[in-house]
Amino acid sequence: MPSLLILIPLFGIILLNLPIRKISMRMAFWFAVFVFFAQILIAIFHYPVFWAQDARFIHFFHVGLAVDYLGVIMLLCIGIVSLASLLVGRYTIFDEKERFRFINLLMIAGIGMNGVVMVRDIFSMYVFLEVMAVATFVLIAFNKDIESLEGSFKYIVLSAVATVLMLTAIALFLFISAGTTFSAIRDGLAQYGKSRVIIFAVGLFICGIFIKGGFVPFHGWLPDAYTSAPSSISVLLAGIVAKVAGVYTLLRLVASVFGFDGRVKTVLLIIGALSVIIGALAALRQKNMKRMLAYSSISQMGYIVLGLGAGSGLGIVGAIFHIFNHAIFKSLLFVNAAAVERQVGTNNMNKMGGISSRMPVTGVTSLIGMLSTCGLPPFAGFWSKLIIVVALWQSADYVYAAIAVLASVITLAYFLSMQRRVFFGELAKGMDDLKEANFGISLSAIVLAFITTGVGILFPAVFTKLILPAKDIFIR
Amino acid sequence: MDINLVLLILMMISTLWTVMCRSLIKATIGLAVTSAILTAIMFRLNSALAAVFELSVCTGLITVVFVSTISLTKPLTHKEIEELSKARHKRFGYLPIVIALAAAAIYFLKIPNDFSDSSSMAIRSQGIPEDVCIVLWNFRKLDLFAQIMLIIAGSLGVATLFEERKIDEW
Amino acid sequence: MSGENWQSFLTFAFFIALMFVSGFYCLLITRNMLRIIIALELLIKAVTLLVIAVGFYTGMVGLSQSLVITIIVIEVAIVAVAGGIALRVFRYNDNLDVRRLRNLRG
Numbered sequence: 009m010p011s012l013l014i015l016i017p018l019f020g021i022i023l024l025n026l027p028i029r030k031i032s033m034r035m036a037f038w039f040a041v042f043v044f045f046a047q048i049l050i051a052i053f054h055y056p057v058f059w060a061q062d063a064r065f066i067h068f069f070h071v072g073l074a075v076d077y078l079g080v081i082m083l084l085c086i087g088i089v090s091l092a093s094l095l096v097g098r099y100t101i102f103d104e105k106e107r108f109r110f111i112n113l114l115m116i117a118g119i120g121m122n123g124v125v126m127v128r129d130i131f132s133m134y135v136f137l138e139v140m141a142v143a144t145f146v147l148i149a150f151n152k153d154i155e156s157l158e159g160s161f162k163y164i165v166l167s168a169v170a171t172v173l174m175l176t177a178i179a180l181f182l183f184i185s186a187g188t189t190f191s192a193i194r195d196g197l198a199q200y201g202k203s204r205v206i207i208f209a210v211g212l213f214i215c216g217i218f219i220k221g222g223f224v225p226f227h228g229w230l231p232d233a234y235t236s237a238p239s240s241i242s243v244l245l246a247g248i249v250a251k252v253a254g255v256y257t258l259l260r261l262v263a264s265v266f267g268f269d270g271r272v273k274t275v276l277l278i279i280g281a282l283s284v285i286i287g288a289l290a291a292l293r294q295k296n297m298k299r300m301l302a303y304s305s306i307s308q309m310g311y312i313v314l315g316l317g318a319g320s321g322l323g324i325v326g327a328i329f330h331i332f333n334h335a336i337f338k339s340l341l342f343v344n345a346a347a348v349e350r351q352v353g354t355n356n357m358n359k360m361g362g363i364s365s366r367m368p369v370t371g372v373t374s375l376i377g378m379l380s381t382c383g384l385p386p387f388a389g390f391w392s393k394l395i396i397v398v399a400l401w402q403s404a405d406y407v408y409a410a411i412a413v414l415a416s417v418i419t420l421a422y423f424l425s426m427q428r429r430v431f432f433g434e435l436a437k438g439m440d441d442l443k444e445a446n447f448g449i450s451l452s453a454i455v456l457a458f459i460t461t462g463v464g465i466l467f468p469a470v471f472t473k474l475i476l477p478a479k480d481i482f483i484r
Numbered sequence: 028m029d030i031n032l033v034l035l036i037l038m039m040i041s042t043l044w045t046v047m048c049r050s051l052i053k054a055t056i057g058l059a060v061t062s063a064i065l066t067a068i069m070f071r072l073n074s075a076l077a078a079v080f081e082l083s084v085c086t087g088l089i090t091v092v093f094v095s096t097i098s099l100t101k102p103l104t105h106k107e108i109e110e111l112s113k114a115r116h117k118r119f120g121y122l123p124i125v126i127a128l129a130a131a132a133i134y135f136l137k138i139p140n141d142f143s144d145s146s147s148m149a150i151r152s153q154g155i156p157e158d159v160c161i162v163l164w165n166f167r168k169l170d171l172f173a174q175i176m177l178i179i180a181g182s183l184g185v186a187t188l189f190e191e192r193k194i195d196e197w
Numbered sequence: 220m221s222g223e224n225w226q227s228f229l230t231f232a233f234f235i236a237l238m239f240v241s242g243f244y245c246l247l248i249t250r251n252m253l254r255i256i257i258a259l260e261l262l263i264k265a266v267t268l269l270v271i272a273v274g275f276y277t278g279m280v281g282l283s284q285s286l287v288i289t290i291i292v293i294e295v296a297i298v299a300v301a302g303g304i305a306l307r308v309f310r311y312n313d314n315l316d317v318r319r320l321r322n323l324r325g
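Protein chains in written order, with my numbering: chain C, 9 to 484; chain F, 28 to 197; chain R, 220 to 325.
Please keep in mind that the hints were generated in silico from the structure rather than gathered at the bench. Any given hint might turn out to be false.
Stated by the list, open to error - In silico lysine-lysine, DSS-like type, Cα no more than 30 angstroms apart, as pairs:
| hint | chain 1 | residue 1 | chain 2 | residue 2 |
| --- | --- | --- | --- | --- |
| 1 | F | Lys101 | C | Lys273 |
| 2 | F | Lys137 | C | Lys202 |
| 3 | C | Lys152 | F | Lys101 |
Said to hold, decoys possible - To be clear about the criterion: a stretch of chain F counts as covered by chain C if any three or more of its residues have a C-beta under 8 angstroms from a C-beta of chain C, and this derived list gives those stretches:
| hint | region |
| --- | --- |
| 4 | 38-46 |
| 5 | 170-177 |
What the hints assert, rightly or not - Beta-carbon label-pair distances, calculated as ranges:
| hint | chain 1 | residue 1 | chain 2 | residue 2 | range |
| --- | --- | --- | --- | --- | --- |
| 6 | C | Ala410 | F | Ala75 | 58 to 68 angstroms |
| 7 | F | Ile161 | C | Glu104 | 40 to 50 angstroms |
| 8 | R | Leu247 | F | Tyr134 | 21 to 31 angstroms |
| 9 | R | Asp313 | F | Ile178 | 23 to 33 angstroms |
| 10 | C | Asp195 | F | Asn140 | 18 to 28 angstroms |
| 11 | C | Val407 | F | Val91 | 49 to 59 angstroms |
| 12 | C | Lys359 | F | Ser98 | 37 to 47 angstroms |
| 13 | C | Leu18 | F | Lys101 | 58 to 68 angstroms |
Glycine included, C-beta positions come from ideal geometry on N, C-alpha and C.
Next comes chain C alone, as it looks inside the complex (with noise of 0.2 angstroms):
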């Protein structure tokens, strides 16, 4: 029954909405931890008997969902990431309405993003980004100061102009299948894949993708959009929301419906070092803390990108894993940041120092995620850029793998300066009396710490047990 996981979140916003005011605010709260907790178990623990085909009284959607490997696996991202900025969110909004509107539109863009990853048709596919789209929308402009309506702004622009280069694509596949599923395309795409219209087509959806997921030269909207969203926002944008909208579909379309063709794979490499080097390298030059997290989330959507565009079984399972990492490691930088901002009240990196000693917890976390973001062992990041390095170099790519390698160096760099900026160093003037962070966003960040830390110690037991099936959902 995978439309539960679309059917219940929406059930329980019309019951939340429903004029009986006193229970329902913070029986909101609640419940949206029980729907995303759910999801994670569903996930991690694979019962059979959810997966199978709907049960005769939930059989509305059979024509429509199906969930793969991969499928679980961007599920069990989602959940995690939407608990820690349901978490984030409880504790940085203060009044109680703007809270009850914000859990609403986070189990929406919820539905948006688990309908996402469990269709097989590509118009249905579209759709449920732009719900997922229009949530984001409204949640990035949320406290409605005027960097909020302009980040916001930007991405409605860049996202309509995606809208209508994907929407034109479709319109141009009506012509080879007789539908939209990915099945009716790739038996078109068979017959007719050396027309120029399709390959045409083909071109425009994937720089509709890319622009909707924040690639070099696309990214235009990204940073903005990031840094002036609510933290708690801002874990979700991070986290998931580039990641289904941009690397999902890639990988959902390169597999299943385009094939890996010798041009496909060229403009993913191409587009993959372009981001990779260039988010780096914008990184190094940011003061504002989250603005260097959004140029670093850049660089390193472009390493799975990298991955994807190596071709081997090897590059698309450091993908993946690596999509798992930067889900986790992301979030927990961005939760570290919100703890930040919230505590210290600005996001300027050159007034901060030495707040370590202050707000332990952020700190140690802040180095973890940071180590895992580098790539340094034994932390999870490690193993998935070794996979991609591998994968590209196994595979010829001699040059992109110089660049991944030159990449992380950078990553390095900023990273180091970063630390040595806000958490070491002496306390700067005017945070003698900086308390730690809330429970919640704690709580968050040291279950992610956490995770990325076990699953870069247990690698072996979680690589083949986890991840390595994952190579099966592709067409041969």
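On the provided structure of chain C, position chains F and R as indicated by the hints.
What follows is chains F and R alone, placed relative to chain C:
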């Protein structure tokens, strides 16, 4: 076929008017006219249900939303803004030239017909019924569900954006 | 698809491409937030016409209309949220100039 060509040229003219018009309200009316002509073209292409949808929603609802937004954002000092906009608006005058160039470029771009394999196309498209209602309900339930989500998200969004905080904003 | 049908489809494609050009031109040149939204509307209308035309010339009228109905709902949601944001920006800045929104540079 001839009527289609006339309708298309009319739509192009109203699009040009929408883009090049200086006053926002007139641009909105131009958008509504474009919508109406699009509806007529859709009727001629056998798509009656979608045409009615487009007419009621786009020509009606969106025009009303735009006009109300524009009237809520009228600038205070009218005359100054008029002067400024006259100077700025000269840039829009280049649009017909751009359109003419683009038209010439596209006209000479011969796009080959790769889909002349008509037999297989006919077999494939027999699986999908012509009636929109049946297609929507049987094959596209997920899209209907997503539409519900979109409407909920949109209304929640507008409600959130228009709420004033009780705390003093300054 | 027969040659004659393809030629008529190309006529549609020609005008749709011109609409795209004018929509993108308006999007790039304008400074007013509401005009940006109008430009996005024009682009989405062009895509709607493309979907209907492709549906007509391949005989899948039912499918293309279903897609268009969903696209129209998406369009309404986007316009509503974008219009709300434009209104809010106006209340802050007293005008809708996009070039004034330069707070997030750097």
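Cross-check of the supplied hints:
1. Between Lys101/F and Lys273/C the alpha-carbon distance is near 51 angstroms, which puts this suggested pair outside the 30 angstroms criterion.
2. For the suggested pair Lys137/F and Lys202/C, the alpha carbons sit about 16 angstroms apart, so the restraint of at most 30 angstroms is met.
3. Note on Lys152/C and Lys101/F: the hinted pairing holds, with a Cα-Cα distance of about 21 angstroms set against a maximum of 30 angstroms.
4. Figure legend: the region 38-46 of chain F, annotated as covered by chain C; annotation inconsistent (0 residues with Cβ-Cβ distances under 8 angstroms, at least 3 required).
5. Look at the region 170-177 of chain F against chain C: 7 of its residues bring a Cβ nearer than 8 angstroms to a Cβ of that chain, three or more, so the hint holds.
6. The hinted range of 58 to 68 angstroms is satisfied by Ala410/C and Ala75/F, whose Cβ atoms lie roughly 60 angstroms apart.
7. Between Ile161/F and Glu104/C the CB atoms are about 46 angstroms apart, so this pair conforms to the stated range of 40 to 50 angstroms.
8. The given range of 21 to 31 angstroms is respected by Leu247/R and Tyr134/F, whose C-beta atoms sit roughly 23 angstroms from each other.
9. The hint said 23 to 33 angstroms for the Cβ distance between Asp313/R and Ile178/F, and at roughly 32 angstroms that hint holds.
10. Distance hint check for Asp195/C and Asn140/F: the Cβ-Cβ separation is about 20 angstroms, which falls inside the suggested range of 18 to 28 angstroms.
11. Val407/C and Val91/F have their C-beta atoms about 56 angstroms apart, which keeps the hinted 49 to 59 angstroms range intact.
12. Roughly 44 angstroms separates the CB atoms of Lys359/C and Ser98/F, a value that falls within the hinted 37 to 47 angstroms.
13. Separation of Leu18/C from Lys101/F is about 39 angstroms and departs from the stated range, judged on CB atoms against 58 to 68 angstroms.
Checked against the numbered hints above, the structure violates hints 1, 4, 13; every other hint is satisfied.
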